[in-house]
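Enquirer: Residues per chain are reported as follows:
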Amino acid sequence: MAAPEIKIQIQNLTYAYDGKAALRDITLNVAANTVTVFFGPAGGGKTTLLRLINRLNDLLDGTAMQGQILLDGADIYAPGTDVAALRRRVGMVFALPLPLPGTIRDNVLYGPLRAGIRDRGRLDEILLRSLTQAALWDEVEDRLDRPANALSGGQQQRLCIARSLALGPEVLLLDEPTSGLDPISTGKVERSLRDLKEHYTIIIVPHSIQQAARLADDAAFFLMGELIEHGPGNELFTRPRDQRTEDYVTGRFG
Amino acid sequence: MKRQWIQRLGFALLTLAALVVVAPILLVIGSVVVQGVGAISWEFLTTMPRSGMKEGGILPAIAGTLVLTLGTALAAIPVGVGGAIYLAEYARDTWLTRAIRLAIINLAGIPSVVYGLFGLGLFVLFLQLGTSIVAGSLTLAIMTLPVIISAAEEALRAVPVEFRTVSASLGGTRWQGIRHIVLPQALPGIITGVILGLLRAAGETAPIMFTVAAFYLPRVPTALSDETMALPYHLYVISTQVPGMPLSVQYGTALVLLMVILSLNLVATLMRGYFRRRRPW
Amino acid sequence: MRAPGRRARWFEFAIESFIRVMGFSTIAFVLLILFFLLREGAPILFEVPLDNLLGVRWYPTFDLFGTIPLFLGSALVTVTAIAIALPLGVATAVFVREVAPRWAREVLKPLIEILAGIPSVVLGFFGMTLIAPAMRQALGIPTGLTAFTGALLLAYMALPTIISVADDALDAVPKSYRDAALAMGATQWQTIWRVVVPAARSGIVTAVMLGLGRAIGETMAVMMVTGNAARLPLTLDSLVRPVRTMTATVAAEMGEVAQGSPHYHALFGIGIILFLVTLAINLTAAVTIFKKRRRGGLR
Numbered sequence: 037m038a039a040p041e042i043k044i045q046i047q048n049l050t051y052a053y054d055g056k057a058a059l060r061d062i063t064l065n066v067a068a069n070t071v072t073v074f075f076g077p078a079g080g081g082k083t084t085l086l087r088l089i090n091r092l093n094d095l096l097d098g099t100a101m102q103g104q105i106l107l108d109g110a111d112i113y114a115p116g117t118d119v120a121a122l123r124r125r126v127g128m129v130f131a132l133p134l135p136l137p138g139t140i141r142d143n144v145l146y147g148p149l150r151a152g153i154r155d156r157g158r159l160d161e162i163l164l165r166s167l168t169q170a171a172l173w174d175e176v177e178d179r180l181d182r183p184a185n186a187l188s189g190g191q192q193q194r195l196c197i198a199r200s201l202a203l204g205p206e207v208l209l210l211d212e213p214t215s216g217l218d219p220i221s222t223g224k225v226e227r228s229l230r231d232l233k234e235h236y237t238i239i240i241v242p243h244s245i246q247q248a249a250r251l252a253d254d255a256a257f258f259l260m261g262e263l264i265e266h267g268p269g270n271e272l273f274t275r276p277r278d279q280r281t282e283d284y285v286t287g288r289f290g
Numbered sequence: 013m014k015r016q017w018i019q020r021l022g023f024a025l026l027t028l029a030a031l032v033v034v035a036p037i038l039l040v041i042g043s044v045v046v047q048g049v050g051a052i053s054w055e056f057l058t059t060m061p062r063s064g065m066k067e068g069g070i071l072p073a074i075a076g077t078l079v080l081t082l083g084t085a086l087a088a089i090p091v092g093v094g095g096a097i098y099l100a101e102y103a104r105d106t107w108l109t110r111a112i113r114l115a116i117i118n119l120a121g122i123p124s125v126v127y128g129l130f131g132l133g134l135f136v137l138f139l140q141l142g143t144s145i146v147a148g149s150l151t152l153a154i155m156t157l158p159v160i161i162s163a164a165e166e167a168l169r170a171v172p173v174e175f176r177t178v179s180a181s182l183g184g185t186r187w188q189g190i191r192h193i194v195l196p197q198a199l200p201g202i203i204t205g206v207i208l209g210l211l212r213a214a215g216e217t218a219p220i221m222f223t224v225a226a227f228y229l230p231r232v233p234t235a236l237s238d239e240t241m242a243l244p245y246h247l248y249v250i251s252t253q254v255p256g257m258p259l260s261v262q263y264g265t266a267l268v269l270l271m272v273i274l275s276l277n278l279v280a281t282l283m284r285g286y287f288r289r290r291r292p293w
Numbered sequence: 003m004r005a006p007g008r009r010a011r012w013f014e015f016a017i018e019s020f021i022r023v024m025g026f027s028t029i030a031f032v033l034l035i036l037f038f039l040l041r042e043g044a045p046i047l048f049e050v051p052l053d054n055l056l057g058v059r060w061y062p063t064f065d066l067f068g069t070i071p072l073f074l075g076s077a078l079v080t081v082t083a084i085a086i087a088l089p090l091g092v093a094t095a096v097f098v099r100e101v102a103p104r105w106a107r108e109v110l111k112p113l114i115e116i117l118a119g120i121p122s123v124v125l126g127f128f129g130m131t132l133i134a135p136a137m138r139q140a141l142g143i144p145t146g147l148t149a150f151t152g153a154l155l156l157a158y159m160a161l162p163t164i165i166s167v168a169d170d171a172l173d174a175v176p177k178s179y180r181d182a183a184l185a186m187g188a189t190q191w192q193t194i195w196r197v198v199v200p201a202a203r204s205g206i207v208t209a210v211m212l213g214l215g216r217a218i219g220e221t222m223a224v225m226m227v228t229g230n231a232a233r234l235p236l237t238l239d240s241l242v243r244p245v246r247t248m249t250a251t252v253a254a255e256m257g258e259v260a261q262g263s264p265h266y267h268a269l270f271g272i273g274i275i276l277f278l279v280t281l282a283i284n285l286t287a288a289v290t291i292f293k294k295r296r297r298g299g300l301r
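Chains as they are written, first to last, in this note's numbering: chain A, 37 to 290; chain B, 13 to 293; chain C, 3 to 301.
Hints were generated in silico from the structure; no laboratory data involved.
None of the values given here were measured: they were computed from a predicted structure.
Even for Gly, the Cβ is constructed at its ideal location relative to N, Cα and C.
One or more hints might be untrue.
What the hints assert, rightly or not - Pulled a few chain A residues facing chain B out of the computed Cβ check, cut under 8 Å:
1) Y53
2) N90
3) L92
4) L95
5) D97
6) A100
7) L106
8) G116
9) R124
10) L159
11) R199
12) L203
Claimed, not checked - Only some residues are given here: those of chain C computed to face chain B with a beta carbon under 7 Å:
13) R22
14) S27
15) V32
16) L36
17) L40
18) L88
19) L90
20) F97
21) W105
22) G187
23) T189
24) A260
25) I275
26) F277
27) L278
28) V279
Said to hold, decoys possible - Far from chain B, by Cβ distances over 10 Å, these chain A residues were calculated:
29) K56
30) N69
31) T84
32) A121
33) G127
34) R150
35) A151
36) E161
37) Q169
38) A171
39) D181
40) S200
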């Protein structure tokens with residue numbers, strides 16, 4: 037059995053903003069075509085780490101960072117990196133559905149249009165593929181030119197996933213993507229994620245332990261900015277090595 | 013009991029104060045309308061003046077005001093909207109940014125006659141543009157700048173931050189996010205602010221007195237280097253410098269000016285209300 | 003996925019540079035204005051002795067450029083205007099906030115906005131043709147073109163500013179203050195004047211300063227109704243006599259001067275004074291607002 041290809045390497049990452057340390061000396065590898073789960077109590081640094089992987093935290097001031105993040109072996113913070121191109125390879129879905137103003141088509145095709153794709157045929161193909169992969173096509177194929185915010189919450193979130201997929205990323209980062217959704221929509225989103233990992237590397241911050249356990253191939257437990265332990269999902273949730281992980285997983289705190 | 017009486021008296025006084033504030037507004041508008049409407053006719057609005065302004069129409073003044081307002085718009089909008097985009101989307105919180113904001117406050121407070129002096133000194137004399145539409149428009153444009161920048165910046169900031177974050181996460185550069193999402197969403201607010209700024213410029217007299225305005229020029233302006241008549245200056249002159257000018261003509265001119273300004277004001281207010289209700293956030 | 007071509011990136015760089023330049027343009031304009039005012043106004047200091055400029059006679063035809071009567075004229079008209087506008091403005095703001103029924107509010111606010119939009123030349127015209135004659139008849143004075151007429155017009159022109167800022171100041175008073183006073187048995191009236199208005203005091207002062215700045219800079223309306231006699235307004239009856247403000251002087255005389263003459267320089271010199279005075283007032287008011295916002299925790 038071939039060794040799993042490493043997609044992302046995080047090496048000795050320390051990160052602070054506004055003078056407060058958010059992440060301390062994180063070292064972690066993410067394998068390609070897996071679902072990796074970052075879990076832990078609030079304030080642990082999971083969302084911060086996620087936003088560092090696609091350099092979304094560049095938009096903030098007053099930050100300090102040490103260590104490296106490598107994508108396919110290349111440092112994504114190297115000077116001269118094309119950040120827009122990076123964000124096309126590493127897509128992100130946020131906790132609350134955030135449709136852009138405009139139609140469903142406008143939303144899905146925003147990324148490709150900004151990247152310079154103008155060919156009508158190709159755009160239509162991207163539209164179909166992304167919405168299908170996000171398990172939304174059947175529900176919206178007849179109203180692609182209607183406003184996106186007329187969709188339900190669950191549909192909007194799947195639209196956001198389709199939006200990110202339209203760029204053909206290699207990695208997909210999801211920050212509590214189902215936190216605002218009802219159980220049925222949550223189920224639909226989780227099912228699409230399981231299908232997606234065939235083509236993409238997925239890192240997800242779940243909004244419950246149960247979701248983490250359902251989805252994880254690999255898992256990493258964060259507590260107050262430190263990486264307590266990481267490994268295959270079934271190990272972390274059933275036989276964790278660290279007592280703190282055990283306490284969190286069994287619900288003694290959280 | 014006494015306290016109740018004091019309160020009732022006090023509230024009556026407050027109501028009186030509000031009436032004292034409001035009644036004269038209606039009085040001004042009412043008297044201008046009543047006394048001026050008699051002079052308004054198709055001829056008044058569309059023909060040239062004759063007999064030293066005592067007969068004929070005020071077409072050149074109306075045309076002049078329109079041309080000057082257009083010129084002001086062309087000069088002030090790019091600078092104003094550009095400056096607003098800088099402040100809302102690019103500027104960091106440094107002393108330089110604070111200096112820019114203080115400069116805007118400063119510009120907003122400069123008396124209109126000082127703008128007239130400045131326009132005279134820089135545009136008419138130093139740059140040798142002469143008293144011309146160019147000089148007048150540029151002077152008015154700088155005067156209008158703070159209004160446009162403030163309104164546009166507010167409109168840009170009202171667009172939720174999340175849109176920019178989403179655009180960035182989809183590989184959009186900062187300018188792409190502004191151009192495709194923020195600016196279109198802020199456009200109604202920006203346009204409203206621009207209209208309000210322009211209508212102020214249209215009503216100003218002092219900045220154009222030394223830079224472009226002519227009194228008796230029975231010609232519609234045709235070139236940027238022309239002098240021109242303009243409604244505010246025209247009203248000033250016919251009411252103070254021309255003996256024997258029929259009162260109805262004076263009121264008529266005032267009415268035309270007032271109507272232009274107030275209708276633009278109405279348009280801007282209606283726009284603001286309409287777009288506020290249709291916002292997608 | 004492909005990235006946009008090099009031409010697109012160039013275009014983007016050009017646009018962002020343009021935006022940056024436009025951002026700094028306001029500073030450039032302020033400096034430009036100051037520079038040209040000084041350029042055309044400073045020469046007066048070399049053409050005419052200082053005690054002339056600080057004298058009490060403004061008769062340019064006789065080479066007398068005493069600015070004191072003009073300065074005092076502006077001061078008299080402005081101070082009187084604020085004395086009228088402050089109580090009216092605060093009272094109206096309180097009325098709109100605390101007393102007026104909903105429908106009255108919806109009528110008042112647009113009317114005040116309309117007042118703010120009326121051009122000053124129209125107000126001056128109205129003052130000249132209606133108010134001045136009325137005043138002449140009512141008070142039995144030789145002419146209705148007086149300092150008080152000007153102050154009256156100025157007061158109304160400053161009202162929208164004062165009302166709007168005072169309204170914001172009253173709005174910023176925490177509801178808990180009101181509730182506490184009412185709970186202790188105060189009437190609404192007592193609550194307003196002993197609790198809410200004092201709490202909004204600094205905002206009201208700011209409103210007054212901004213109204214003051216507006217009033218000092220006003221040109222056309224005062225020019226048309228104050229009679230334009232450059233006399234020293236030192237006695238009480240000066241209110242009902244003609245007077246000259248700095249702004250009216252510049253506007254009225256600039257058309258008749260020869261470029262480069264001492265009179266010309268003197269008028270620009272008055273412009274410098276106006277620039278500096280309004281600068282001082284508006285900056286002080288603005289800095290106060292900035293400081294309050296920072297302390298108040300608002301961004």
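Enquirer: Check each numbered hint from earlier against the structure, then list the numbers of those it violates in ascending order.
Expert: 1, 6, 7, 8, 10, 16, 17, 18, 21, 22, 24, 25, 27, 28, 32, 33, 34, 35, 40
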